[in-house]
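*Asks:* Each chain, letter by letter, is given below.
Protein chains: 2
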Amino acid sequence: MAWSADTEFDGFEERGFELEVEGRFVPGVYWTPRSGADRLIMLGHGGTTHKKTGYILTVAHLLLQKGFAAMAIDGPGHGDRDTTGISNGEEAEFERAWDQGGGTKASTSDWIASLDFVESEYGNRPTGWWGLSMGTMMGIPVVAKEDRICAALLGLMGFWGPNKSDLERLAPEITCPVRFLVQWDDEVVPIDSCLKLFEKLGTQKKTLHGNPGLHAKVPKFEISGSIDYLNRHVR
Amino acid sequence: MAWSADTEFDGFEERGFELEVEGRFVPGVYWTPRSGADRLIMLGHGGTTHKKTGYILTVAHLLLQKGFAAMAIDGPGHGDRDTTGISNGEEAEFERAWDQGGGTKASTSDWIASLDFVESEYGNRPTGWWGLSMGTMMGIPVVAKEDRICAALLGLMGFWGPNKSDLERLAPEITCPVRFLVQWDDEVVPIDSCLKLFEKLGTQKKTLHGNPGLHAKVPKFEISGSIDYLNRHVR
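Heads up: the protein sequence lines correspond to chains A and B, in order. Take the first sequence: its letters are residues 1 to 235, numbered as in the numbering used here. Take the second sequence: its letters are residues 236 to 470, numbered as in the numbering used here.
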C-alpha cells in the first residue's frame with residue numbers, strides 16, 4: 001500500500017498509488033488541488049479504457065476546477081492490469097478481461113480499499129461516484145454498498161453484460177440521488193435494458209437524461225451538467 | 236380582434252385579448268415586463284385547466300423575471316370556452332371538450348392567429364413554446380408548422396388520447412431543439428407511449444428528462460430547469 005510517482009496535472013497535483021487487495025495488484029491515481037479539497041469524486045472508467053483515459057482526465061479536470069479531489073483505479077483486467085489486450089481496444093476480449101480480473105466482487109473490494117487508502121491520508125469527506133458504461137458496472141455495486149457515497153452519476157449501462165445479475169440484485173439497494181445518462185441509439189447496450197436499470201434503482205431521487213446518438217457520443221453539455229449535478233449533491 | 240382588460244401582475248403587465256378565428260372565440264392573455272421584452276414564450280396549459288391556472292402563472296412569472304414576454308390562450312373547450320365542465324375538473328369530459336372545441340386543427344389555427352396578433356402589436360421576436368400534457372397535444376402541431384418557434388419544452392404526453400394520430404404524423408416534422416419531460420409513474424399517459432413520442436421527434440437536438448412520480452408531480456427543479464433551457468435556446 002504505497003503512494004508512487006507524484007506529478008503535476010495542469011497546475012493540480014497528481015499522485016499515483018499501488019495497493020494490494022486480496023492478493024490483487026490495484027493501480028490507482030489521485031488528483032487534488034494544491035490547496036486541498038473537502039470533497040471527493042471516484043471516477044469509474046469505461047470498458048476497453050483505463051484510469052487515465054482521455055475523457056476521465058477531462059472529467060477530473062472539470063472536477064478539480066470546482067474544488068473537488070478525484071480518484072480512479074484500473075477496473076478488472078484493464079489498464080495496468082491488462083492481460084488480454086482489452087485496453088488496446090480488443091473489445092471482443094471485454095467479458096474475459098472483466099471475469100479474469102475478478103468481476104464485480106473484486107472490483108467492489110478494490111474500490112472500497114482504494115477509498116479507505118485515500119481517506120487514511122486525507123480524511124473522510126463527502127464523496128460521490130462518476131462512471132458510465134463499465135463505470136456503472138463498477139459503480140452500482142460500490143454505491144449500493146457504500147454509505148460514504150452521497151450521490152452518483154451513472155449511465156450507458158443496463159441489465160446487460162457480464163455482471164447483469166449483480167446489477168439486477170444491487171440496483172434496488174441504491175438510496176442516494178442518481179443522475180442516469182442514456183443514449184437513445186446505443187449500439188453497445190440496448191436502450192430498453194438501460195431504461196429497465198434506471199427504473200429499478202432503489203432511490204426516488206433519480207433523473208434520467210436521454211439524448212439521441214451512439215454509446216460513446218454523450219453530448220458535451222451532459223458532461224458539464226454532470227459536474228454541476230455532483231457539485232450540488234456531494235456536500 | 237382586440238385587447239381587453241389591462242391589469243397588473245406582481246409588478247409586470249398583464250393584457251387580456253379576445254380574437255375571432257374561423258368563427259371561434261379565442262380568449263388569450265399576454266404578460267410583459269413593463270420595460271418590454273425581446274423574446275416571447277407561448278404557454279400551453281394542460282387538460283382540465285386553463286390559460287391562467289396556477290402553474291401557468293408560476294411559469295409565466297419565472298419567464299418574466301428572465302426578461303421574456305409570455306402569452307397563453309384557452310385550449311379547445313377549456314377555460315372561457317368551456318361548455319362541458321372540463322375546466323372544473325370533469326376529467327371524463329376531456330375528449331369531448333377537445334373534440335367539440337375543434338381539436339388539433341382549431342387549436343393550431345388559434346395559436347398561430349394569436350401569435351400573429353401579438354406580433355402585430357409587439358413585432359417579431361425569438362419565440363419558444365412551453366407546454367406539458369395537453370400543452371404538448373397543442374404544442375407539437377404548432378411547433379411542427381411554425382418556423383417562428385426556435386425551441387420547445389414539451390412532455391407528459393405520448394402517442395395517446397384524442398389527437399394521437401396527429402402527434403404521430405407531426406412529431407417527425409419538428410426540427411427545433413426540444414427538452415421533453417416524462418414522469419416514470421405517469422398514471423394518465425403511459426410512459427412507454429411518451430418514450431415513443433420522444434423517439435419520433437424529428438429533431439436530433441432533443442433531450443429527455445425522466446423522473447419518478449405521477450403525471451402532475453413534475454419536480455420543481457425540472458420547472459426551473461425548463462426556464463433556463465428556454466433562456467439558452469430562444470435567442
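Don't take every hint at face value.
[Said to hold, decoys possible] Some chain B residues near chain A, calculated using beta-carbon distances under 10 Å:
#, residue
1, Phe260
2, Phe415
3, Ser428
4, Leu430
5, Phe433
6, Lys440
7, Asn446
8, Gly448
What the hints contain is simulated information worked out from the structure, not anything from laboratory work. On a predicted model such as this, the values are computed, not experimentally measured, just so you know. Glycine is no exception: its CB is placed at the ideal position from the N, C-alpha and C atoms.
*Asks:* Identify every previously stated hint that the structure contradicts and give their numbers, smallest first.
*Replies:* 1, 3
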